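Engineer: Residues per chain are reported as follows:
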Amino acid sequence: MSNLTPIAFRLLRNDLLSGRLLLIVIATSLAVAATGAVRLFTHHIELTLVSESSALLAGDLAVNSTRPLAQELYANAAAAKLETTQVIGLRTVVAYEDRIQMAELRAVSESYPLRGSVRISDAPFAVAQDVVHGPSRGQVWADGRMLQLLDVEVGDSITIGKTELVIEKVLLLEPDRGGDAFSIAPRILVTHFDLEQAGLLLPGTRASYRLLMAGPRDALAKFKAGFVPAPGLKLIDPSTARPEIRDAFQQAERYLSLVAFACVLLAVTGVATAGLNYANHHRNTAAILKTIGLASRPLLALFALELVLLAACAALLGNALAWSVYRILIAQLTAAIPPISLIEGLVPALEAGSLGLIVLLGFCLPQFAAVAEAPVNQKIGASRANSFGFSALPVAAALLVLLLLLPWHLEHRETILIVLAGMLGTAITLALAARLTIAVMNSARGQVSLNWRMGLANISRNAGLSVLQITAIGLGIGVVCLIAAVRGDLITQWRDRLPPSAADHFLINIDPKDVDQMRTFLADHQLSDPGFYPMIRGRLVGINDRSVGPDDYEQPRARRLVNREFNLSWAALAKPHNRITAGQWWSEDAAAGQFSVETGIAETLGIAIGDRLSFNVASDQVSGVVTNLREVNWDDFKVNFFVEATPPTLRELPTTYITAFKAGNGNNDFLPDLVSRFPSVTVIDVSAIMLQVRSVMDRVASALLWVFLFALGASAIILVTVVQTTQKTRTVEIALLKALGATKDRVVIATLCEFATLGAIAGAIGSLGAIATGWWVAAQVFSIPYTPNVWLPIIASAAGALGVTGIGLGVVRSSFTPPVMATIRAND
Amino acid sequence: MNAPIITVSNLEKSFTGPSGNLKILDNINFSIGERSTVAITGVSGAGKSTLLGLIAGLDTASAGEIEVCGQALAQLDENGRALLRRHRMGFVFQSFHLITSFSALENVLLPMELNGLDDARRKAREALRRVGLEHRLDHYPAQLSGGEQQRVALARAFGTTPQLLLADEPTGNLDKTTASAIIELLFELNAEHQTTLLVVTHDDALASRCERIIEIDGGRMANQGGQ
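Those sequence lines, one after another, are chains A and B.
What the first sequence shows, in this note's numbering, is residues 1 to 828, in sequence order.
What the second sequence shows, in this note's numbering, is residues 1 to 227, in sequence order.
What the hints contain is simulated information worked out from the structure, not anything from laboratory work.
Heads up, a few of these hints could be off.
Claimed, not checked - Over 10 Å on every C-beta distance to chain B, these chain A residues come out as not near it, computed from the model:
1. Q139
2. G161
3. T163
4. F193
5. V228
6. E351
7. R453
8. A502
9. D514
10. D516
11. M518
12. A590
13. R746
14. I749
15. I795
Stated by the list, open to error - Only part of the chain B face toward chain A is listed, based on derived beta-carbon distances under 10 Å:
16. L54
17. A82
18. H87
19. R88
20. F91
21. L110
22. L114
23. E169
24. N223
All values derive from a computational prediction rather than experimental measurement.
Even glycine gets a Cβ: it sits at the ideal position worked out from N, Cα and C.
If we strip away everything but chain B, and leave its shape as in the complex, we get (with noise of 0.2 Å):
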């Protein structure tokens, strides 16, 4: 395994509901290498997505540690939290989750001039481009198809180059065919871009496609294997 990007250790997550304590996530501990990818599949529930939003600092544990590109969230405070996902990270997201009053080129542009990357506006739509929506520059999300849209969004999360590339469940409302080639696209760029990709899934095409599975159950790790 190549040196590690992400390394989670004795992570806990719980919440306080009406009935008491609800532990989502106990005992977790896994490392994942850079350039790698890995799917973390488990049935509804199993507390996948509150995981990957602990590894993107989006949310705190409440007991374990995470490091991700060598640094401990749990040193960083929220603004140390955003700095890392923008310069290290990017985000796909199951709705796409484009901002409905940008363009495409604006939607990827947003993370590039969060950057501060220079020729900001070439590179977006070089990245458009890439992704096969070079006539598309000026269309609203509400004019994409879902499939288009889950390209702009995979446009601008590789566009700033990130070193980890964090996909919450990207097929996940998109039929057979459009999701066959999103998947393509996905594995295309992180291939290109050299990146690791952590993607949260169903989709069993999707995780197969994967160096590696963490399989949750229970908020707890059933079964890690390699392919």
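Isolated chain A, as found in the complex (with noise of 0.2 Å):
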């Protein structure tokens, strides 16, 4: 091997110098660069979406207890040096003069939150104004419900437990808030004195103790890795913490894999082109070593060793972009993490570059074996001729190449293998298509214009090649369709989760005999009519025979479900945002005694279809049999309710109604002009819960779409290169018919056509491959309704006739230009 070193040197440097290596070079770079970009960003990605998460929890990381937290776990996050700050929330009674009103209270220290930002403001419905700190001791933070129903004003006190705290700014939202907008008691904020003070946390109080956690990820990792689970205390890790955009997240992160392993299939492909060129370069060289006295095998270590040292290179090089492009795409982002440093970088560096050799070396290396091993009389002068086309070895090592890179991604596995079955599967169509397609070219082309038959000439010249072109082209045009689709799916699940008339206003406890009035306000500050719901509010007593108590259940949500009072409604008719899971909605007159019970809270308590469930409502007891289960979004801001009855059952009983409503930002000036006139009515405001939500998935769908373009690029670039591949024939032919006679303009037709077709029939059958995977994807993945767009594979037909040629043009021009005899003679 020693004495093989220099000769591989000597024949890289000098395939360099020539121009010759610079196909293989771009592809193995770009396959290096697009693998490297895209690791970079979707880490970067990954941890904006963890800052944005964090800023959702208040802090990076948090541990929830139902008991007050040990000592021990102040000191295992000390000894990760992460930061700290303790929340109590409890349930409690606030009293103001004669009226008294419950509370969820939350005691929190000077430092909270540790990431994300309360959101105040000076009065109820007055502007809003974020700030990184809690309330000052003596003071209290109020939900605008609570000014509401004690008819306090900022600036006034009131009593909780022993002491007095003054009213100091109005609460809109804690960053760990969730989605829980509607808890039925409004929510204060105090200082951790004031608790104390308040003399409210005895011995046996039910309250539940978080601790919050921020610093850097690897201290984060040292305390997490030491955290011992046990009863009543919990992890919750920022992707977990809000479930309604939980979702979401999970779903780009699941995206950005997709369109991480879709580059590299991309720059595959790029490599498996160009490299069949280099293979074919190195004909002629072969032949002459083996002739002064070479062997087969050291060849084939000489080769291997070049592409080793062409590897190294464009591992370079192809790191080097991708920084750059890294760095580029990182200054669209708003978000205000800073750019990963070189040296977290190297780890997706190195998986790059050893990324790059393993395509590399698959593609190229049974090329090599195969010239290395023909006899010589078969490779002086074959160079000239093209001689691409599929074998079984190449198509192993493909294969092989494929599944070598799955280690690459295997937190997504799921993911890769229904993309690579889906793109393998469009491949062999694809390439079965162009054998097609091209049999019957050769077969019409007696009947077409000479235009035509010089450019479908040109996609038969070498059956094979054409093959991989279309097979390559087909396969870049159906990745970005497929991306494409899927993104654009995720986007139109996450608007329909949120649209834009979303209600963000709850109006509660309305009395039966004020909704007319209110329908008549609501009106008038046009206010589209929105639906009066009755709401009765129940105890969950008996499930069948059995009574139940929090004691049943292990589980916290369970516990806390039992224990309080639910909302329940009646209706004839079931709502159109639900749907029905099992058994059946009742008819319109159906009997007393029937109830629908919601998914999540069926599976919380253990309810199924024909449980006889008893509520207690005020002084009464209500009895009925569950006749189906209904699934809710919970996350889409509608009027929802864990159990409805047929109309009968809880008609007669003390009822209020509940609307909800879309007022828009800065169009709530009514809202005093409201409670002033139904003073029993509260309102909830939940539009900053959801410019939060909203906010957020902006940011995520904003990533995705440069993700998508940067994906777009890169199969831009390897069209650049397939076309290149037939760029010094293309040169030669060219040259020969204007030589004959044929003007330039004719030749650019004559290309255009040939491009044209190539692009159109890979276009076609790369989107019918788009549309199945997508379809499969989105099911399996994702999780979200698919609709394949009918008119893709005629769009992705003329944007790949389009692009094709656009870029097949830019691409061969140089062409239309050498001077003719030169071309020809240096082909002689």
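Using the hints, put the two standalone chains together into the complex.
Structural biologist: This is how it looks when you write it as structure tokens:
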């Protein structure tokens, strides 16, 4: 091997200087750059998402406990050099003069929140401001509902336990409130000192304790590694903190993984194409080296060494490109996350570089093996002939390479396997369809005009190469269609969840006799007629023949649910935004004694179809049988209930009504008037929560757009690589046609016909593959409804024809101008 | 001499290379009459092929004038020169340069169709029959021997009955026997079509078949004589 090294260096140097290696260097560097840049960017997006999530958790990590936090936890956090703060939550009674109101109290320290901000205002419905601290001692920040229910104003003092606190601000939103806007009791924020002064925290008090932590990633990882789960103790990761946006984050992450792999597929396609050309260039060299006494094995070793050196060059070049692309991409994002350091970027760089080596060896070595093994007399002079084509060896090598790439994406194995299977299926279909099309073209060539015949003849010049080109271009278009379609479906789904028309204000406790007046009031303020739904407070006391209480359940959520009253309703018709998942909705004239239960609560409490439920409503007990289960999307800000009943079941019981409407930004001047005209009505403003969720969704969507555009750019570069494969032959033939009297226009038109045909075929078949794979990915990976665009094959076909023609003509334009005689003689 | 079909006056061609201006052709003057056969000879690098390319309008002169078929090339743009080649000239190359993706028939058909000839397919078949390849119509270049490929090239060149046939080392890539057969065929076809033949060659046997030889040496005309 040692005596081969200088030869390998010399071969590489000469090949580099001669420009023969340009294609393979570009393709391999692109493989490295695509992988490196997407991995860096994906990593950055993950950090951004974690940061966004941290802001919604008020820290980078939290531990929830039903008991006071053990000192050991603080010690562990301190050992990991994490910043900490504690939040204690409990339900208590707040009093003002002779009025009392239940409240959800949260006690925080001065360092709260560690991440994100608290949104407050100086008065109800006044301009909001974001601050990064909690209230001061002796002061309380109270939910607007609290002010309304106690009929107090900012500046009044309210009694909490043994202490009196001044209402300093209206509390609009804490970062870690979550989607819990409908807590039965309004929320108040106080200091730990005041909680202690109030004397509410006695042994046996039912309270929740949360330790919030923040710090560098390695410190968080250290704490997580040392955390020992225990009953009543739960570690909360930012990614699991907010269920209403957790899905979006997870889907975004899966999407990034999909794009990363798609870019690898694109780059691999480019290397495969350029690799064939590269191996072909080596035929003469191989023949000459064999003639002077080099055996096949050392010859192959020599070529392998050259490939390794080439991979090293491509790794350097590709990673430099990846880093530039990454910096350009993150400059487009508004999230204030510092770029990954060069040291942190080393791992993705090494990964991308290794991938370049695997791809290069995997695709080129089998070709070189064939060249090294072939008899000498088949090689000399053979380099001029195109000898592209598929054989079992490169295809098997390609599959092996792709399988070797899997460990890079193990965390999203399902996505990758589906995309791989889908795209392999597409590639096979493309190859078969390309062969068929070329055969049809060959037979139809006599019937078409000369321009088309020249174009079609170029396609069938070498069937193997054209099949490879169509497959590569089709795969490129297919991958772009796939990631575009999935991105579109994801964003549509997110928008559907929170459409612009979603309600941002809820009115509860509407007296039945006020419903008509309220409807008129809302109509007078240009608010569309929202639905009014009956609402009855009830406590679940029995399932079948057994009575139920908090002690019957292990899960904290289940214990909470049976420990408090929740909202029941009655309806003759099912709500259109609910989905019946088991049983059947009742008829409009159904008799009393039937319940419809939300699937989540049914699962938590162990309720099934046919169970008999008993509720305490005021002093009455109401019973009925569960006849159906409903799936409810709690994130869509629509009026929903855990349990609904047939109208006769609950109609005669004490009822209030609830309604929801969209006030829109700055359109809530009428709310003080509403509150004064309907004093019993409580206003719940969820606009702050909606704004928070929308902001996160918008950032994620923006990130996905940039990633998609990167993949699009990568596919365009692959296309350039593929088109350049035929550049040399094309240049000679164009010179020849010109010598025979063809004008430049005619040559350009013939080339245009060729590219348009290639692009149209590749686009149509690639998009069909993308539709099939997209459907599979949507169903299996993203669990989203997939609506295939029936126009996609036509659009992709037209886009393929235009794109390939545009890029193709751009790439080959230099073939139209070289001196004809020199070009022809250079190939004599 | 018949009326001139090619007139070259004070022709110069130079390139700017790394070592400055390099004169490839200098002060070239000659005329070639219609239906005559002329060989341009000289050592490698003498400028023969450059001269042929200039006469074909594939390159432009640095100075001087070339008139072909009564048209001054300097006054024609690129498309004009392409049309002149299409209607008046045929080409034969050393490496045959058939279009690899076209069958033999399609290669011969190509200039006929570019010319818009009626009944082109029949004429192309006839041209191939004339060179003895009627049984190879649908064969692709890779399926033909060197001699057969050059015969297809001759059929393609003469298929449009050009006034002027330009041949660049037509026997350069052939063995002696095949080369002799091709030379024979070239002159037969030339006689049949009454074409003016201008051939660049190293092959003494080929040059000796021409009525006149123009020898180029170091970019200048060293000798021009008739047989």
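Engineer: Can you give the numbers of the hints that this structure goes against, from lowest to highest?
Structural biologist: Hint check: 7, 13, 24 fail, others pass.
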